[in-house]
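Visitor: One letter stands for each residue in the lines below.
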Amino acid sequence: MNKQPLTSAAQKELAKIPGAEPQARMDPWWWLVALVAGLVVALVVFRPDPYRRILIFVADGIVVTILVTVVSFIFVLIFGLFGGLGRLSRNRIIYGFFTLYVEIIRGIPLLVQLIWWYYAFPIILQMIGLDITLIIPREFFAVSMAIMGLAICYGAYMSEIYRAGIQSIPKGQMEAARSLGMTSFQAMRYVVLPQAFRIILPPVGNEFIAMLKDSSLVSAVAVADLTRRGREFMAMSFLPLQTWIMVALLYLVMTLFAARIVGFIEKKTKFER
Amino acid sequence: MSELIIQIKEITKHFGNVEALRGVSLDVYKGEVVLIIGPSGSGKSTLLRCINRLEEYDSGQIIVDGIPLDSAQNINAVRREVGMVFQSFNLFAHMKVLENIILAQRIVRNRSRQEAEHVAQELLKKVGIPDKADAYPIQLSGGQQQRVAIARALAMNPKIMLFDEPTSALDPEMIKEVLDVMLDLAREGMTMVVVSHEMGFARAAAKRAILMDEGQIVEEATPEILFTNPSHERTKAFLSKVLH
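Protein sequence lines correspond, in order, to chains E and L. Numbering follows our numbering, with no gaps: position 91 of the first sequence is 91. Take any residue in the second sequence, note its place counting from 1, add 273, and you have its number in our numbering.
Careful, some of the hints might be misleading.
Claimed, not checked - Taking lysine-lysine pairs in the DSSO-like style, the calculated list, with each CA pair at most 30 Å apart, reads:
no., chain 1, residue 1, chain 2, residue 2
1, L, Lys369, E, Lys171
2, L, Lys449, E, Lys171
3, L, Lys282, E, Lys171
4, E, Lys270, L, Lys369
5, L, Lys509, E, Lys171
6, E, Lys171, L, Lys432
7, E, Lys267, L, Lys369
Calculated directly from the structure, the hints in this document are not laboratory data. A quick note: this is a predicted structure, and the numbers were derived from the prediction, not measured.
With these hints in hand, go ahead and build the complete structure from the sequences.
Guide: Set out below in structure tokens:
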């Protein structure tokens, strides 16, 4: 590394190169994450009864919430990519299919969709003579349906984000790639999508955080996530105030932390056009 | 004259109800530099973009280096042989200069990383900016970006180069550096079709100049004659507005 002090012109030059900032300043909002996390720790340490009991009780729910969110989001990113490309397709059937998907899903509340996948979908499978338990073990059925419901719903919203991102890349990029002999797939893969990903990163991050919160709805369809475990503790202990202070703080730590991570990735992948 | 490399036969094209090309025919021979001029909306860029099928045409036929532009397979084959330089450069904004020149060599020509890098470095030397390999496009001036764009196209070893108003988006002091690169190419015997109003370049490099208007070729002559002593009224009217 060059240890000589940089001139301001050189610094400016460097600042344009992703990841080359001499010292990326720490995002001050990390303090808020630390503050809220500190509050949780303080409650657990200084008021172990009931806060430590609550935390221990809901700990497996935290794992479930994170698991459901992360796994669903991986599917959301894939569904969104196909949906976004489908919505830009010149093939009328493909375009029609994905447009229908987006329009239908956006018009139904997420909670209703989750309930539908859990209670109604198995009946359809039964009617056509399919036994779902052959594919998904009974103990994973609820969580599988919840992940599917979340992924299909958020995938529709994500399609629109992808579509906007791809459309925001100037047409000349695709034309330049095609004129070099790349197939449209190669041009998408190497030229358009890498640029689109960077542009859509902020809204994608927002979707992740929104989904982390909306994952609490899966508590309505027999998934023992953080919210459901909180409800169970409340029913057991008759301590609604303390229980929901703790649950709210735990969600807040997770969402604030996720927001910082998104901010960090954004900074790392930024490039100027 | 040497062999025919581009044959354009009675091409028509419309955008909505605007007739962009009304039966244009043009032959380009190997090693030739053809300049196309004309007012905006005359169809000159559209014609150029038809040659590598960035624009589809309604009727007629184009044959490039013996390959008719009629199937997806042929179109990709033609695009590999035809380099294109755009008015707005269109460098890949997320990649360094070197990567811009390497990408298509790797995935279209299947060259090794080492070979592609070597080609890229040589071409950057040729266009006069070997020190910019690690810069991002945004860090370059317009003239430098356009020279990278030329290098990127040349890396594919094209038989034909198409230039779509390559200097129109440049500041005056940068035009020369791009035209010099183009002149070198012309001297090396590259077949070039150039949409541009750069008279100096035309005189120095082009044997033929074409005036297009309203989707048709109005007049064709040597640049010297077309610019100084055109036979058509339309050409005279256009030149009186362009030449000051």
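Visitor: Next, verify each hint and record whether it holds.
Guide: Here is what the structure says about each hint:
1. Lys369/L x Lys171/E: Measuring from Cα to Cα gives roughly 20 Å; hence the hint holds.
2. Lys449/L x Lys171/E: holds, 27 Å
3. Lys282/L x Lys171/E: holds, 28 Å
4. Lys270/E x Lys369/L: holds, 14 Å
5. Lys509/L x Lys171/E: Since the Cα atoms of Lys509/L and Lys171/E sit roughly 35 Å apart, the hinted pair is violated (cutoff 30 Å).
6. Lys171/E x Lys432/L: holds, 25 Å
7. Lys267/E x Lys369/L: holds, 18 Å
Comparing the model with each numbered hint stated earlier shows that hint 5 is the single one that does not hold.
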